[in-house]
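Residue strings, one per chain:
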Amino acid sequence: MSDAPQEHADRLPAATAVPTSTPTSTPTSTPTSTPTSTPTNPPVPYEDGHWRRMHPTTPAIKGWKVLVAVVAVAGYQVSDNIDDVSGLMHGRWLLAFVGVLVVVALVGFGYSALAWRATRFQVTDDAVHLHTGVLSRQQRQARLDRLQAVDVVQPLLARLVGLSELKLELAGGNGSAFSLAYLRDDDATALRAELLALAAGLHRDAGPATAGAVATTGPSSSTTVALDEATSAGDGLLGAPGAPQVASPTSTPAHAPALPAFADAPERPVYELPMPRLLLATLRSGASVFVVLAITASAAIAVAARDIGAAFVMIPMLLGLVGFVWSRINQGASFRAAISPDGIRLRHGLTEARTQTVPPGRVQAISLGQGPWWRGPDWWRVEMNVAGYAHADKQQDDTVLHPVASRDEAMAAVWLVLPDLGVPDPQATLDAAMHGRDDDGGFTPAPRRARWVDPIGWRRHGVLVTDRALITRSGRIFRRVEVVPHERTQSIGAEQGPLQRRLGIASFVLHSTPGPVRPSVAHLDQAVVAALLDEQAERARTARASAGPEQWMTRREVP
Amino acid sequence: MSEPFDPTDVTWNHVSPRLAHARWTGIALVWGVVVACLVVVAVATGAAWVWVPAALVAAFAVWSAWITGRQVRALMYAERADDLLIRRGIMFRQLVVVPYGRMQYVDVTAGPVARRFGIASVQLHTASPATTATIDGLPPEEAARLRDRLASRGEARLAGL
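Just so you know, the sequences run in chain order A and B. Using our numbering, you'd call the opening residue of the first sequence number 1 and step up by one each time. Using our numbering, you'd call the opening residue of the second sequence number 1 and step up by one each time.
Be a bit skeptical, because a hint or two may be false.
Quick list of simulated restraints, FRET-style, between CB atoms [said to hold, decoys possible]:
| id | chain 1 | residue 1 | chain 2 | residue 2 | range |
| --- | --- | --- | --- | --- | --- |
| 1 | B | Val108 | A | Pro498 | 48 to 56 Å |
| 2 | A | Ala304 | B | Ala48 | 47 to 55 Å |
| 3 | B | Arg80 | A | Ile295 | 27 to 35 Å |
| 4 | A | Val107 | B | Gln123 | 23 to 31 Å |
| 5 | B | Val108 | A | Thr542 | 26 to 34 Å |
| 6 | B | Thr132 | A | Ser327 | 31 to 39 Å |
| 7 | A | Val161 | B | Gln123 | 42 to 50 Å |
| 8 | A | Gly504 | B | Arg149 | 48 to 56 Å |
| 9 | A | Pro516 | B | Gln123 | 23 to 31 Å |
Because the hints were derived from the structure by calculation, they are not lab data. Cβ atoms here follow ideal geometry from the backbone N, Cα and C, with glycine treated the same way.
With the hints as constraints, model all of the structure from the sequences given.
Written out as structure tokens, the structure is:
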């Protein structure tokens, strides 16, 4: 605590070392040179990135979590013997209880405040730097061209006070996401626009020489041109009224007009999930069938055992199922998808609102799934693999492209990821993938002899290779379609068991980044698999060579 | 051409037979101890039936040693111009094709037993955890050569995700 102000002062420019004197250090007045990313160097004015802080009320919001967690644990502990506890809830004991709560709250808020002090981040032209940690300090740097997705998350409490968390997803596995919590809603959106624009390969227009002229027209007009070119939406961009500046005690409003900002990219809505459909679809899912079964079973047990207590054995299972149904509804509520030059933008969530932005070329694979209960209305659940969203240990809430898609919306979802499927009639092809069997739509089906190893589903097994992607189709009762763009193929494999070998069939596996989609087709003719192995490696190679660059806006400039 | 596990234009490299020795050592260490314990118990108690599990465990160890020998002979790899092929298994066969450009990093590992037999493992990692591209049983110099070769080829064909 004591050394923090000093350390902070180290990072300010020598000339303007005192935070309160920042009005003199606006970019217009100090045309400084190149980006510096080392934290020990004095920060340069905004166009090269300066150190920013989270919103000062962050500790107040994060501190509550500690208190709630402690109370929840305590509540869980005492819930067994309520009688004993109620005897203690008066006089001195109550005082002690309140005292402990206050201490916990103080510790929680105090720690959060320290953490807030220690947290600062900086955005340069090609990287984000984040410094965190109270006891053990951590400095992380993320290259913007490796950015996989940007999420704006608003947990319930933060949402009430107009704050949000900005999450930068990177492909480093668990814990690789950068979490910037909490920022004002406007700041978070503006920062997202800025990060995406930089990640796309656009630049803040400011070279050293032109730094003085940055103020308003330069960057925003270049942004407008590039974005227009990419969308051909013709909307144009407004010249960024709100600058992406984090309100912090050290900054003053004098910064705002001078900061070059990227406006949020224009977006076009593609589909929206009506709430009634989500509720109906969740009711029709396997989980609710199990809920009904569980209730019936527990009632039957209770009746048979003539003891109402016997019914409670099913309670944990029931709770689990209810939790699952709730999370489906909570996450799928008001699900909307839009397309923008920054990529796919998904908005969803009932209590916790989440806005995801997945830039072009970041979706590694998609799958469409349909259980038997969704057959009638022809609903599909569309999921995707994005390298940054790989959390193996938790319930996936960010890899859903559409929770309950109608047939047309499912096709639209595929179109979002792959505007060009590489076939003359994408609708017919997808239709064949979703509903067809045998060689409908040009699919290569499993041979008839595969019925010995898969008597029910063998007619659905099939694969289709288009110019742009590989489409697999499987499952008769639980239908499944997977689409993998050729340039996103990681590695490929073939497997063959003894029975398959006798029948001359083999399974084809395509390895994608971690996520809900694991593309594979079982029981194809082994000659087909051999050809696939041979050609797919080649196709993936050529597709990668011609694929767009990581910085998706630089496409035109790269030969 | 109809054989997916034997592409026509490929010459397979077999791994070192010393891998079988290393694995046999492992089997002997684990199952040998179990068998020894059972034999000691059988001799000490004089109960005839204790010999039955001892014999069963010994038979299982011999069987797995035999399988291991076959598996090691079936484990092979091939470097093509743009990708690495790894093939394994006889009953349940597997073939993995890993493009060099998809490689994220290479691991070379050698445990105490492997070092004793002068072999090492090379594992390729792509962005997909499903890629099981491990080549066990390479002589250290071959492992080092393969590692460098893979690294340089990966660099030449570098791509993002």
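| Verdict for A:Val161, B:Gln123 (Cβ pair) under range 42 to 50 Å | Between A:Val161 and B:Gln123, where Cβ atoms are some 49 Å apart, the hint holds.
| query | Per the hint of 47 to 55 Å, is the separation of the Cβ atoms of A:Ala304 and B:Ala48 within bounds? | reply | 49 Å, holds
| B:Val108 versus A:Thr542 beta-carbon gap, inside 26 to 34 Å or not | For B:Val108 and A:Thr542 the Cβ distance comes to about 31 Å; the hint holds.
| query | Between A:Pro516 and B:Gln123, does the beta-carbon spacing fit 23 to 31 Å? | reply | 25 Å, holds
| Per the hint of 48 to 56 Å, is the separation of the Cβ atoms of A:Gly504 and B:Arg149 within bounds? | Taking Cβ atoms as reference, A:Gly504 and B:Arg149 lie about 35 Å apart, which means the hint is violated.
| task | Starting from the hint 23 to 31 Å, judge whether the C-beta atoms of A:Val107 and B:Gln123 obey it. | result | 45 Å, violated
| query | Is it true that B:Val108 and A:Pro498 lie within 48 to 56 Å of each other by Cβ? | reply | For B:Val108 and A:Pro498 the Cβ distance comes to about 33 Å; the hint is violated.
| message | If I claimed the Cβ atoms of B:Arg80 and A:Ile295 lie 27 to 35 Å apart, would that claim hold in this structure? | response | Distance hint for B:Arg80, A:Ile295 is violated at roughly 58 Å.
| task | Mind checking the hinted window 31 to 39 Å against the Cβ distance between B:Thr132 and A:Ser327? | result | 32 Å, holds
Taken one by one, the earlier hints fail for this structure at numbers 1, 3, 4, 8, listed in ascending order.
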